[in-house]
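Using the sequences and the hints given, assemble the complete structure.
Chain residues, written in single-letter form:
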Amino acid sequence: MSALIELRGITKIYGQGQASFKALDGVDMTIEQGDFVAIMGPSGSGKSTAMNILGCLDVPSGGEYLFRDVHVEQLSRNERALLRRHYLGFVFQGFNLLARTSAQENVELPLLYRGESTEARHTAAQAALKQVGLEGWGHHTPAELSGGQQQRVAIARALVTNPTILLADEPTGNLDTKTSNEIMALLTDLNENKGITVLMVTHEPDMAEYAKRIIHFVDGNIDSDVRKREIT
Amino acid sequence: MLWSSFLLALREIRRNLLRSFLTILGIVIGVSAVITMVTLGNGATQAVKNQVSSLGSNLLQIRNGQRMMGPPGGGGGGGSPPFSLEDVAAIRNQITGLAAVAPEVSKSATVVSMSNNWSTSVTGSSNDFFIAGSWKLAAGRTFSEAEEKAGQTVCLIGETIRRELFGTQQPVGESLRVNNFSCEIIGILVSKGQASMGRDQDDTVIMPIKAVQRRLTGNQNVSSIQVSVADENDITSVKEQLTNLMRERRRLGDDKDDNFNVQDTRQIAEALSGTTQVMTTLLAAVASVSLLVGGIGIMNIMLVSVTERTREIGIRLAIGALEREVLLQFLIEAVVLASLGGLVGIGLATLASIGLSQVMNVPYTFNVGINLLSFVFSAGIGVLFGYMPAKRAARLDPIDALRHE
Numbered sequence: 001m002s003a004l005i006e007l008r009g010i011t012k013i014y015g016q017g018q019a020s021f022k023a024l025d026g027v028d029m030t031i032e033q034g035d036f037v038a039i040m041g042p043s044g045s046g047k048s049t050a051m052n053i054l055g056c057l058d059v060p061s062g063g064e065y066l067f068r069d070v071h072v073e074q075l076s077r078n079e080r081a082l083l084r085r086h087y088l089g090f091v092f093q094g095f096n097l098l099a100r101t102s103a104q105e106n107v108e109l110p111l112l113y114r115g116e117s118t119e120a121r122h123t124a125a126q127a128a129l130k131q132v133g134l135e136g137w138g139h140h141t142p143a144e145l146s147g148g149q150q151q152r153v154a155i156a157r158a159l160v161t162n163p164t165i166l167l168a169d170e171p172t173g174n175l176d177t178k179t180s181n182e183i184m185a186l187l188t189d190l191n192e193n194k195g196i197t198v199l200m201v202t203h204e205p206d207m208a209e210y211a212k213r214i215i216h217f218v219d220g221n222i223d224s225d226v227r228k229r230e231i232t
Numbered sequence: 001m002l003w004s005s006f007l008l009a010l011r012e013i014r015r016n017l018l019r020s021f022l023t024i025l026g027i028v029i030g031v032s033a034v035i036t037m038v039t040l041g042n043g044a045t046q047a048v049k050n051q052v053s054s055l056g057s058n059l060l061q062i063r064n065g066q067r068m069m070g071p072p073g074g075g076g077g078g079g080s081p082p083f084s085l086e087d088v089a090a091i092r093n094q095i096t097g098l099a100a101v102a103p104e105v106s107k108s109a110t111v112v113s114m115s116n117n118w119s120t121s122v123t124g125s126s127n128d129f130f131i132a133g134s135w136k137l138a139a140g141r142t143f144s145e146a147e148e149k150a151g152q153t154v155c156l157i158g159e160t161i162r163r164e165l166f167g168t169q170q171p172v173g174e175s176l177r178v179n180n181f182s183c184e185i186i187g188i189l190v191s192k193g194q195a196s197m198g199r200d201q202d203d204t205v206i207m208p209i210k211a212v213q214r215r216l217t218g219n220q221n222v223s224s225i226q227v228s229v230a231d232e233n234d235i236t237s238v239k240e241q242l243t244n245l246m247r248e249r250r251r252l253g254d255d256k257d258d259n260f261n262v263q264d265t266r267q268i269a270e271a272l273s274g275t276t277q278v279m280t281t282l283l284a285a286v287a288s289v290s291l292l293v294g295g296i297g298i299m300n301i302m303l304v305s306v307t308e309r310t311r312e313i314g315i316r317l318a319i320g321a322l323e324r325e326v327l328l329q330f331l332i333e334a335v336v337l338a339s340l341g342g343l344v345g346i347g348l349a350t351l352a353s354i355g356l357s358q359v360m361n362v363p364y365t366f367n368v369g370i371n372l373l374s375f376v377f378s379a380g381i382g383v384l385f386g387y388m389p390a391k392r393a394a395r396l397d398p399i400d401a402l403r404h405e
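Top line first, the protein sequences correspond to chains V and U. With full-length UniProt numbering, the residue at position 223 of the first sequence is 223, and numbering never jumps. With full-length UniProt numbering, the residue at position 97 of the second sequence is 97, and numbering never jumps.
Hints were generated in silico from the structure; no laboratory data involved. Any given hint could be a false lead.
Unchecked claim - Calculated lysine to aspartate or glutamate pairs in the EDC-like style (CA-CA distance at most 20 Å, straight line):
1. U:Lys49 with U:Glu232
2. V:Lys22 with U:Glu232
3. U:Lys391 with V:Glu79
Structure below.
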């Protein structure tokens, strides 16, 4: 079986000419189905850029990105949107929930774009909320929820479509240690029991410990790639 | 997707209720102004048509002078000889296909009954006058042949005279004092209401023409002749015959212009309603400028809205919304806003039109065409002015949009 994700010599250059800046410099990476990868590195090391490219939000300046043998770098903007819609789930540092919109509706949002019926959206959203331990909180708006609860809603929103990969960009960046550990436990559970591949950017070594594999970025390339646990 | 975008749009509008209201105000004012102008204009045109047709159907008026449009009842043109009863007889004898030929001479006079007096216009004519003018009797009778021939002092009165002089009393058989002679009231005419330019058609007293000539004007002149044509299709040929006959009787050579004119009520109606229609179009055009302004208002607010909701757009794009789905969402919001303005405008216009048509004394009819057109037009404005902001939203880069504070 071929790898879920394969990066070959990915480069990303911002700006032009003298002012140009190489954020990624020939990155090679392979991620198998069911892995839990923590991407670490100092600011400006290119980890966020790598994450954006992995998440199909951005396109590389050079190199090849194969997602399930599909050349993502050749896809149009709309084709990448469809890829995100069907295979990817996103969790952001700032939660990025729609304000003044109930948790339930936030979770239903991705299903709306998949054209699912009201009935199906309700059921799926409730199941996803239950999965992240927020059963019965559906009618609350983000402003009425704690940071940890908001991040759980965001995870539920990412989960509701049964994604192949969950991309988490500093998911615990705005949370205290206790809540952070709860969120990490949740992600670990999803990875081990649901078989969802998790890619996470973090700068906290404690949080990276939850992952099966830790990749360090320095100056736009991979510095170290350490496997901690085998993929089950 | 369309339906959920529609619901989403409604929610966004409700969320910013005051702002939404102010946004659509321009459209509301524009739509209601256009509809009100057109409705009132059509009402005015209709009123003019009604009034002219109430003058009588298939009616031709022969007046002295060369003016095409004289004031109502205005007589003698400078220099040209007056008409006479012989002219009337000649028309009656030599032209076929006529329903009525009525001579007319008018003079203002003060009429008195008991202690009430009233200043009015007394018209001398024949029984044909009632046929030509589509007058109906409310009570009494018309002139007898003997009364017409002898020019006896008998009269029929209009509704206004009856009301002003007799109130609740029955006037038929009573005597009416006209200036310095008295005449017997033999009939009452059914009310016709106001004619063009506010003239009250019911403010009238009709007498045999010979009585008016002898007692009031003191000469044998006839100021105008009304000819009612039996068949509408004959109007043009009758008009031509009348012209030729009058030219002959007045011995006008081929090199002379007519010193009289034959007017057709239809012509008058067309001229008058043409004027009102031009005014209507002009006012509606001015009002539609405010629709344009309203559209710009919507574009402005939609641009603000897109900036405000950049993060939301980023989230939607990140979870897999297509460009056209985001475009559609904002476009629908703009269209819903604009259409809402259109609906409110139609409501307002209906109220304003009903109220104003009563004040202006014109008939009110709900004009489906213009209401529908205004609604579609306002929705169109939503599309036109909502497209640019929606396009801007759809083109946002998801990464930048998510970072937007």
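How the hints compare with the structure:
1. U:Lys49 with U:Glu232: holds (17 Å)
2. V:Lys22 with U:Glu232: violated (91 Å)
3. U:Lys391 with V:Glu79: OK: Lys391 of chain U and Glu79 of chain V at ~18 Å, within 20 Å.
In summary, the one numbered hint that this structure violates is 2.
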